[in-house]
Structure formats: C-alpha cells, structure tokens
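Asker: Sequence:
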Amino acid sequence: MNILFAFADDWGRYASIYAEHEGPDSINKLISTPSFDRIAREGALFMNASVPAPSCTPCRSSLLSGQYFWQTGLGAILLGAVWDETIPTYPLELEKNGYHIGHTYKVWSPGKTANAPYGGKRTAYVTGGANFGKFSHHATKRAQEIGIEAAKRELLDEVRMNFDSFMESRPEGKPFCYWWGPTNTHRTWEQGSGKALWGLNPDDLMGRLPAFLPDVPEVREDVCDYLGECQALDTGLGIILQRLEELGELDETLIVVSGDHGIPGMPRGKCNLYNIGCEVALAMRWPGHIQPGRIIDDFVNLMDLAPTFLEAAGMPVPESMTGRSLLPVLLSEISGQVDPGRTFVVTGRERHVSSARKGELPYPQRAIRTEEYLYIINFEPDRWPMGAPRGLDNPNTVPPSYEDLHWKTGVAYAEMDASPTKAWMIHHRNEEEIKPLFRLGFGKRPYEELYDLRKDPFYMENVADRPEYSDIKKKLNVELMEVLHKQQDPRVTENPCRFEHAPYAGPLQAFQR
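In this note's numbering, the protein residues as written are 1 to 513.
Honestly, I wouldn't trust all of these hints.
Unchecked claim - No farther apart than 27 Å at their CA atoms in a straight line, the calculated lysine-lysine pairs in the BS3-like style are these:
#1 LYS121 x LYS195
#2 LYS455 x LYS473
#3 LYS408 x LYS444
#4 LYS435 x LYS474
#5 LYS408 x LYS195
#6 LYS475 x LYS486
#7 LYS358 x LYS408
#8 LYS408 x LYS141
#9 LYS134 x LYS96
#10 LYS475 x LYS435
#11 LYS455 x LYS444
#12 LYS408 x LYS134
#13 LYS141 x LYS152
#14 LYS112 x LYS134
#15 LYS112 x LYS141
Stated by the list, open to error - Restraint ranges, calculated between C-beta atoms of paired labels, are given here:
#16 GLY98 x GLY199: 44 to 52 Å
#17 LYS474 x GLU380: 18 to 26 Å
#18 GLU432 x SER332: 37 to 45 Å
#19 SER332 x ASP84: 48 to 56 Å
#20 PRO381 x GLY336: 33 to 41 Å
These are computed hints drawn from the structure, not numbers from a lab.
Cβ atoms here follow ideal geometry from the backbone N, Cα and C, with glycine treated the same way.
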C-alpha cells in the first residue's frame, strides 16, 4: 500500500463538495474543486476535521508526530522552533520499515532544521521548481507573455515533474509515501487574480461572508482571490491523481487531502481557535477499504493521521503517539457518527510571530469544540491576541498606509497576516458599523469565551458569563482540563510554565545560544 498526503498551507474548509452539506449561502457554492471532490466521492468526506493548532509549525509538528503540539518540545511554537529528532514521526517510521519517502514544497518550516521530521533535504523532490507556491503572482506575470492557460500549464508541469522525479527514484518493489505541500493558499496573492485567472466574481460573495467580516467590495475581492488559490491547488492535486492513474498506482494508494489551518489575513481566521481558524477540509480515498461516498461526522484532530498511516501500513505505532488511529472509522461501512467517543476536539496555540508582543511572549489559548459549543480559555487576557496594535487601539492614531498594511505583516497586529482586508478594517475601524467587528477581530478577549453554535454559528456573542450557560461552561471546562492534564500540557501542569520563558519566549537570539 502506498500513501499520498496532499497538505496545503493555510487552506481551510473550502471545497465545492462541502456546499452540498451547507446552507444556500455557502461560500463553497462559488468554487469548483473536482479533484478533491473525486477523492471524497470515491472515499470519505469528513465534516468535522480540525487542526491541533491554527499555526503552521505547531500544527505540522503535531501531525507528523501524532501528538499534541505541546508535546513536541520547541516544535510547539512557530518562529524559534527547533525539531527534536528523538521524537518519532510517521514518515521516518515508514522509511525504517521499507517505504520510499519523499516530499515536495512545504512540510515542516520555518523551524530548524527545515523539514527535519521528513528527512530534510535528503527526501526533497523539487527538480521541476517551486513556483507553484506563488501561483497567482507567477501566473499573472507569465500570462502577459504567453496567456493565462499557458501560464497555468507551466505551473502544473512543475507539479508533474516534481512528482515524476520522486516516482522515478523509487526502488523497484518498494511502497511509497509522498507528501505534496503546496503553499499558494498562504499569503500573498495577486490582487484581482480570483477573477482574472479563474473567472470567479467577487460580487457573488455578497451575503455569503461570515458575520464578523464587513461585506464590502474590498473584502469580497480578497476572499475571491483566496478561493482562486484554492482552485489552483485542486488543479495541482489533479495532476498527481492523473499521474498515479497513468502509472497504475491510483487504486493501490491511500490518498488523504487536507490543510494546516484556516484562511490567513482575516479576522478570526488563522492563529485563532474559532471555527474559521481551525476547521479544515479532509477527504480520504482507499479502494477496497473505504466504502465510496461516506460522510463522516466524527470529530477528528489531524494529529490522528500519523497513527492512522502507520496502522494502515501494518506497522506498530510508537508509544509517543497520543493521537488515535482513524482506521476503525475508515473501515466501518456506516456514515454519520461512527465512533461514539469522537464528539469533540481540543485545539490550542502558543507563540506564532515572535515579535508580535512585548517580550516576545505568546498568546496562550486552549479550546474544546463540540457539535453545539465552542469553549475557549485565554490564559493571558491582558495580552493582545493578534499582537500589539502599535497605537491603533487609539482611535486618533493615524494608521500605516494601505500599502504597508496590505504587504507588511509586522506594522501592526503581527499575528494577522498582511492583507487588503486587514488594511481596510484598520482604516475604517472608527466607523460605527465597523467598530464592533474591529473589536471582535483585533481587540483583547476575556479569560473565557463560550459560543452556542446552534444559535450563533459565527461565534459573535460570548455567553460565558450568562447564568443559563453556567452548567455547560463548567462541563466543557472539566472535559478540556481533563485532556490537558492527561496529556501533560505545560500550560496547566507547570508553574512557571515553560512557554513563558526562553527558549520558548524571548528574543530569537536565545534560540541560537
């Protein structure tokens, strides 16, 4: 059995097949992702897949090692991360047991040593290049010379060449494990590319944006450009599926497709424990094992994939992997809720951008998400969740230029990627109808947040202090703390907590000494 894992950077739950399970205002009605949809229709589609942390490196540390991010040492943070090579990871375990492994584009970075949990440069295959990661920028520039379709074809040829180089280096008779990690859904994108390259109309998003985003042309265009990048990664995935089919390997391969967290550069998205930050697309295809057309409602943490891959390959799972294999769920023939124990997921984060706050401190959060509720603990509510405002909490402060806020993440609120949406909201933050949205996205937060998702699907109203929710809040707190203590989360088991001190906090120079 072979394993193909396609794992896109900053790709939330955006695929056209999800529109069939969402309301009439679904954003997913506007896009077409035939490759992902094929995997789902010929296998299983997961409705409640979440990342362990909505930050690239911690999420990937967790996924590769099959345990919560706080159990991966310095892999628990973004900038300043250093990989502990004593931690078993599923690709290296597979390699020890005879698999040919390889990766293209991003696996584990920007930590040191780059992509160490996957063998580093030794297992990298980029002979065709790495322009796909800047898809809209590259295609827009090349289209001026050779036309849009030819420009896209160049990038798809790159995907094919990289995958072919991996397959050609495969020793005869060996199963393979390949990681395709496109980064084009990560900022930045060419403004207007959703329409120019993919024919998507920003105005079709009117009335479809989450309630915490202003429904204005600038934001709609920004989201539209992101959706274009989602379609681009799907076309790249299609190239790999085509090559597997041509090689006669498609039906001999377990295919898993997902992303490392939600949309970047948007309030409440990436770097947040709200649904839009943590929910991701997930589909799996494995002929002869997964019944086609299954819809799975179980709550899944992506760290469960590591033990799943090993068990599917018939290999022992290291004791360090605290994630739970999905194999029993995959081999079941039923849809809906398969495992009665998978009714919630625990997420969290520590430090993302090191310079976001004074003292290079993290913004520590943990959350538990169920079908009906989202409960969040903000352990340091006096800190700015999106990073220091650089004076922008004062309505009289003149903001940086649109240009700077569009392209330079560090000028203010550095935990939110630079974007046109960020620029627009900061420049319009004093308008009466925008003030409450700006506070939700950029302001400080209380120690506890609780959202009743049945009544409030966009988590706009915190009900943590309402008496009628006291029993629910207490129950969720107990369940969350039980997991954190059982899995030895330093945030609740250590005093002082390691994440508040070097090398987990403080200047990056501390990591080099």
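Asker: Hint by hint, say whether it matches the structure.
Answerer: A quick look at each hint next to the structure:
1. Restraint check: the Cα-Cα separation between LYS121 and LYS195 comes to about 37 Å, which exceeds 27 Å; the hinted pair is violated.
2. A C-alpha spacing of about 16 Å is found between LYS455 and LYS473, which places the hinted pair at or below 27 Å, so the restraint holds.
3. Annotation: proposed proximity of LYS408 to LYS444 holds, straight-line Cα distance about 22 Å (limit 27 Å).
4. Simply put, LYS435 and LYS474 have alpha-carbon atoms about 31 Å apart, too far for the 27 Å limit, and the pair is violated.
5. At roughly 24 Å between alpha-carbon atoms, LYS408 and LYS195 fall within 27 Å of each other, so this suggested pair holds.
6. A C-alpha spacing of about 17 Å is found between LYS475 and LYS486, which places the hinted pair at or below 27 Å, so the restraint holds.
7. Among the hinted pairs, LYS358 with LYS408 is consistent with the structure: their alpha-carbon atoms are about 19 Å apart, no more than 27 Å.
8. With a C-alpha separation of about 21 Å, the suggested pair LYS408 and LYS141 falls inside the 27 Å cut-off, and the hint holds.
9. Only pairs whose Cα atoms come within 27 Å are accepted, and LYS134 paired with LYS96 is rejected, the gap being roughly 34 Å.
10. Between the alpha carbons of LYS475 and LYS435 the distance comes to roughly 33 Å, so the proposed pair goes past 27 Å and is violated.
11. Between LYS455 and LYS444, the direct Cα distance comes to roughly 24 Å. Compliance with the 27 Å bound is thereby established for this hinted pair.
12. About 17 Å separates the Cα atoms of LYS408 and LYS134, which keeps this hinted pair within 27 Å; it holds.
13. Of the pairs offered as hints, the one joining LYS141 and LYS152 holds, with about 11 Å between alpha carbons and a cut-off of 27 Å not exceeded.
14. The hinted pair formed by LYS112 and LYS134 meets the criterion: a straight-line CA distance of about 23 Å does not exceed 27 Å.
15. Distance hint between LYS112 and LYS141 is unfulfilled; the C-alpha atoms sit about 32 Å from each other, more than 27 Å.
16. In this structure the supplied range 44 to 52 Å holds for GLY98 paired with GLY199, their Cβ-Cβ distance being about 46 Å.
17. With their beta carbons about 22 Å apart, LYS474 and GLU380 fall inside the hinted range of 18 to 26 Å.
18. Between GLU432 and SER332 the C-beta distance comes to about 52 Å, which lies outside the given range of 37 to 45 Å.
19. Checking the proposed 48 to 56 Å range against SER332 and ASP84 shows it is violated: the Cβ atoms sit about 35 Å from each other.
20. A beta carbon spacing of about 38 Å between PRO381 and GLY336 agrees with the range 33 to 41 Å that was offered as a hint.
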